[in-house]
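Asks: Each chain is listed here by its residues.
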Amino acid sequence: MLTELETTLLGVMMMVIMLGMGASMTPRDFLIAFRKPKGILVGLLSQFAVMPFLGFALAMMLGLHPALIVGLLLIACMPGGTTSNIFAYFSKGVLALSIMMTTVSTLVAVVMVPLLLSFYGGMAGVGGEYAIPPGNVAQILVVLLVPTMIGMVLRKLNPNIGATVELIGSFMGVVVILFLIVTWVPRNYQLLLDTPAHIYFATISIGLIGMLFGYWVARGLGQDTNRARTISLETGIQNGPLAVLVVTLTFVGVMQEEVLLIPVLYSLFIVLSSTAITIWYRRNATREELARDAAKVVQSA
Amino acid sequence: MTKPAPSHPWLAAYGQDIAPELPPSPYANLAALVEDACARHARRKAFTCVVPNGMNGSHSFAQVGALSDQFAGFLRHECGLARGARVAVQLPNGLAYPVAAFGAFKAGCVLVNTNPLYTPSEMIHQFNDAGVEVLVISDLFADKLARVIPQTGIRHVVLAGVPEFFPRIPETIVRGVQKIWTRSLPPVPKLDVPVLRIREALRRGRKHPKVTDWDQLKPDDLALLQYTGGTTGVAKGAMLSHANILANLEQVRAMGSHHMTGQDCVLTALPVYHIFAFTANLMTFFAIGARNILVPSPRPVQNIQRALENYPVTWVTGVNTLFNGLMNEEWFAAFPPKTLKAAIAGGTALHGAVAERWEKITGTRLAEGYGLTESSPLVTFNPLEQPMRAGSIGVPVPGTEIALVDDNADPVEDGQPGELLVKGPQVMLGYWNRRDETEKTIQNGWLFTGDVATMDPDGYLRIVDRKKDMVLVSGFNVYPNEVEDCLAKLETVLEAAVVGTPDAKTGEAVRAYVVQNPDQSDELTREAVVAHCRAHLAPYKVPKSVIIREELPKSPIGKILRKDLKAEVRAEFEGKA
Numbered sequence: 001m002l003t004e005l006e007t008t009l010l011g012v013m014m015m016v017i018m019l020g021m022g023a024s025m026t027p028r029d030f031l032i033a034f035r036k037p038k039g040i041l042v043g044l045l046s047q048f049a050v051m052p053f054l055g056f057a058l059a060m061m062l063g064l065h066p067a068l069i070v071g072l073l074l075i076a077c078m079p080g081g082t083t084s085n086i087f088a089y090f091s092k093g094v095l096a097l098s099i100m101m102t103t104v105s106t107l108v109a110v111v112m113v114p115l116l117l118s119f120y121g122g123m124a125g126v127g128g129e130y131a132i133p134p135g136n137v138a139q140i141l142v143v144l145l146v147p148t149m150i151g152m153v154l155r156k157l158n159p160n161i162g163a164t165v166e167l168i169g170s171f172m173g174v175v176v177i178l179f180l181i182v183t184w185v186p187r188n189y190q191l192l193l194d195t196p197a198h199i200y201f202a203t204i205s206i207g208l209i210g211m212l213f214g215y216w217v218a219r220g221l222g223q224d225t226n227r228a229r230t231i232s233l234e235t236g237i238q239n240g241p242l243a244v245l246v247v248t249l250t251f252v253g254v255m256q257e258e259v260l261l262i263p264v265l266y267s268l269f270i271v272l273s274s275t276a277i278t279i280w281y282r283r284n285a286t287r288e289e290l291a292r293d294a295a296k297v298v299q300s301a
Numbered sequence: 001m002t003k004p005a006p007s008h009p010w011l012a013a014y015g016q017d018i019a020p021e022l023p024p025s026p027y028a029n030l031a032a033l034v035e036d037a038c039a040r041h042a043r044r045k046a047f048t049c050v051v052p053n054g055m056n057g058s059h060s061f062a063q064v065g066a067l068s069d070q071f072a073g074f075l076r077h078e079c080g081l082a083r084g085a086r087v088a089v090q091l092p093n094g095l096a097y098p099v100a101a102f103g104a105f106k107a108g109c110v111l112v113n114t115n116p117l118y119t120p121s122e123m124i125h126q127f128n129d130a131g132v133e134v135l136v137i138s139d140l141f142a143d144k145l146a147r148v149i150p151q152t153g154i155r156h157v158v159l160a161g162v163p164e165f166f167p168r169i170p171e172t173i174v175r176g177v178q179k180i181w182t183r184s185l186p187p188v189p190k191l192d193v194p195v196l197r198i199r200e201a202l203r204r205g206r207k208h209p210k211v212t213d214w215d216q217l218k219p220d221d222l223a224l225l226q227y228t229g230g231t232t233g234v235a236k237g238a239m240l241s242h243a244n245i246l247a248n249l250e251q252v253r254a255m256g257s258h259h260m261t262g263q264d265c266v267l268t269a270l271p272v273y274h275i276f277a278f279t280a281n282l283m284t285f286f287a288i289g290a291r292n293i294l295v296p297s298p299r300p301v302q303n304i305q306r307a308l309e310n311y312p313v314t315w316v317t318g319v320n321t322l323f324n325g326l327m328n329e330e331w332f333a334a335f336p337p338k339t340l341k342a343a344i345a346g347g348t349a350l351h352g353a354v355a356e357r358w359e360k361i362t363g364t365r366l367a368e369g370y371g372l373t374e375s376s377p378l379v380t381f382n383p384l385e386q387p388m389r390a391g392s393i394g395v396p397v398p399g400t401e402i403a404l405v406d407d408n409a410d411p412v413e414d415g416q417p418g419e420l421l422v423k424g425p426q427v428m429l430g431y432w433n434r435r436d437e438t439e440k441t442i443q444n445g446w447l448f449t450g451d452v453a454t455m456d457p458d459g460y461l462r463i464v465d466r467k468k469d470m471v472l473v474s475g476f477n478v479y480p481n482e483v484e485d486c487l488a489k490l491e492t493v494l495e496a497a498v499v500g501t502p503d504a505k506t507g508e509a510v511r512a513y514v515v516q517n518p519d520q521s522d523e524l525t526r527e528a529v530v531a532h533c534r535a536h537l538a539p540y541k542v543p544k545s546v547i548i549r550e551e552l553p554k555s556p557i558g559k560i561l562r563k564d565l566k567a568e569v570r571a572e573f574e575g576k577a
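Respectively, the protein sequence lines represent chains A and B. Quick note: the working numbering has the first sequence finishing at residue 301, numbered continuously throughout. Quick note: the working numbering has the second sequence finishing at residue 577, numbered continuously throughout.
These are calculated hints, taken from the structure and not from any lab test. These figures come from a predicted structure and were not determined experimentally. Even for Gly, the Cβ is constructed at its ideal location relative to N, Cα and C. Where hints are given, some of them may not hold.
Keeping only pairs whose Cα atoms sit at most 27 Å apart, straight-line, the calculated BS3-like set for lysine-lysine is [to be verified]:
#: 1; chain 1: A; residue 1: K38; chain 2: B; residue 2: K341
#: 2; chain 1: B; residue 1: K559; chain 2: B; residue 2: K468
#: 3; chain 1: A; residue 1: K38; chain 2: B; residue 2: K468
#: 4; chain 1: B; residue 1: K338; chain 2: A; residue 2: K36
#: 5; chain 1: A; residue 1: K156; chain 2: B; residue 2: K559
#: 6; chain 1: A; residue 1: K156; chain 2: B; residue 2: K468
Some, not all, of what chain A presents toward chain B, calculated at C-beta under 7 Å [claimed, not checked]:
#: 7; residue: P27
#: 8; residue: R28
#: 9; residue: R35
#: 10; residue: P37
#: 11; residue: N158
#: 12; residue: T164
#: 13; residue: I168
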């Protein structure tokens, strides 16, 4: 399990990440995003309908232990991670949409995550000592919104500081995962070896299947390819570190270790799978972008 | 022989705002202008460079003055340059550019603007032709030096980065990103000549007394060698004097009239090594104490977003593709900058649809001007107070005479197309070391533009086409622009270019190169192109051959390069001859 110091550090890093997320936004981005709210609504749908169901279905199919079910459901119900923004950026996606989806899903998560957790937790028959008190999740999320606001103000006051904080925030998204690897993996070396393949399968596939569904749900609902790619990444990339934080603030001892397994593995593998997908998306986007640059004006009669 | 147009029918279009007489420039040379502007507006911001993530750096007028003095000191005392020596500046838009360019003026040297995207062989040609002694080059392209420097007379190399003169932290971050993420920062090769970073060059320049003998520069002394490919073969240097540029500044100001003040903020997304942005943005707005927002690379067009969001931009200069690209961005189309006053288009023909849409979206004018490297560049402009005239390049700027002539250099009948000739204080001295070319291009003070134009009764001009691009089919003139416009109306065509090919029967034949519009699911076919043209054009204008391409060759500012296609045609038909 993580020590108290490590848990505090994790909390601080999350705050820095959220500061960076705030610094990547302007009030105008909100206005632009809500001119076409469909993108965000589609995103929310895939984020809070498709993903939790996927998590639940995977958990049932694989017949997991209650501790692992909680971990998987928690990951599946999490809002979008801020690392999705950096992947959206590098895949030349619609950065504003990615940031908005992350922000809006984080806001909505205050209500949705506790609801979804008790719903699917109940369906899966996870209860008693493995239940996550709804208040915990809501509280953590509310606290994280403060640095987000500060980030927005910084960006407005000084673009250089804003861009620096934004970069540090994105960078911190990777640092957090390295931190988890360094603190958690060595102590649970044996556990990793003992973990059966189907659990690895569950943690890797939830992200990838999420991206696949995210893309086609978005395309099916009339989003263009660029927005669909953004929604796809946003859907598959969950806020893994937040799940870790929730677990460490809820469980102790051996239970914590058990429940942490999937969130930590997820956070690790999602970086790898997102990188691969990003490189692929970036190629598609570059091709389309050059064509658009040269596009003639379609005369509006 | 060539006579001036008998009257000046365009003077009515000047209205109340534009004085028909061009005021003389208050300065004897560009160094004096820079010195005066820096002293008068010392504390104001002159240049702000913005990279895509919003990181930025600025120079006040006082800083530009001090740093360009230091650079002048470096050129004269450390490099040992004499007045009149050539200094090549090969930089994308950034804070180092004005330091180097203005430093060269203050040192009495001649600025040789060079496109950073040039290949080593293009660089070697240009540097040798101009006799360049000092090269200021972007560190992004330092890898080209190994091939270029040994084959030229360059004695000193100065390197500058995109984030040069940014505050320390953003500079480190941008450079780190270039080095690690985009890997666009090559190692500097070992050379036989000294290579310094610009800050070190400035530090050395600072040790010497300020260079002040620029006050001996005369108006007709050479200020710029501005290379232009033209449509024929190798690039040649247009010799632009201090007086040429100073006169053109006054001409730009006359047309901008009271819309241009020291409070303005101009978006400079076009490269300043190009004469359009050099004169219109860098020099004119600087001279009146306004602020230039420099964007190092405007492609993709999202790179401009933070620059437009974070600064109160009042003017934008651009080319057709830039305006079109901006309007295709949601962040721009939904929330166009509220501070905008007007936009200037040049470089290549502005599409009427783009201009109309711009006015609808931004509520401001997008006025087209016309010019060429040989005329510093502005020749004509659409007066801002007059209603928009679609497809017109406007009226001659004050102090400019124009004539439309036939192949014998005799004036054409009113309303008929003729080659556009220009006379005025902005017309270059000639081509550097090319007496023959100069004599062909400038006769009796008239600059032969090679563009065929017509004039409306009230003096508004329209460019019909490049004379050299005209295709002669069985004795009929076919203007590629007309055929291209027709092709562009076909939904499946993204863009098109038309050139002539040799033809045994008709002398020349029309050939169209077209690119499929990716937004259209219908496939672009040769048959459809020919059928469309048959429906809209006289038979002799219909392309005899149609070639479908993935893309068309374009210049760095987005002009379609017919000359490259012509070269292909030449190569293709040489084999058959």
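Asks: Now look at each hint and say whether the structure bears it out.
Replies: These are the hints, each one checked on the structure:
no., hint, result
1, A:K38 with B:K341, "33 Å, violated"
2, B:K559 with B:K468, "16 Å, holds"
3, A:K38 with B:K468, "52 Å, violated"
4, B:K338 with A:K36, "21 Å, holds"
5, A:K156 with B:K559, "37 Å, violated"
6, A:K156 with B:K468, "52 Å, violated"
7, P27, "11 Å, violated"
8, R28, "6 Å, holds"
9, R35, "6 Å, holds"
10, P37, "13 Å, violated"
11, N158, "10 Å, violated"
12, T164, "6 Å, holds"
13, I168, "9 Å, violated"
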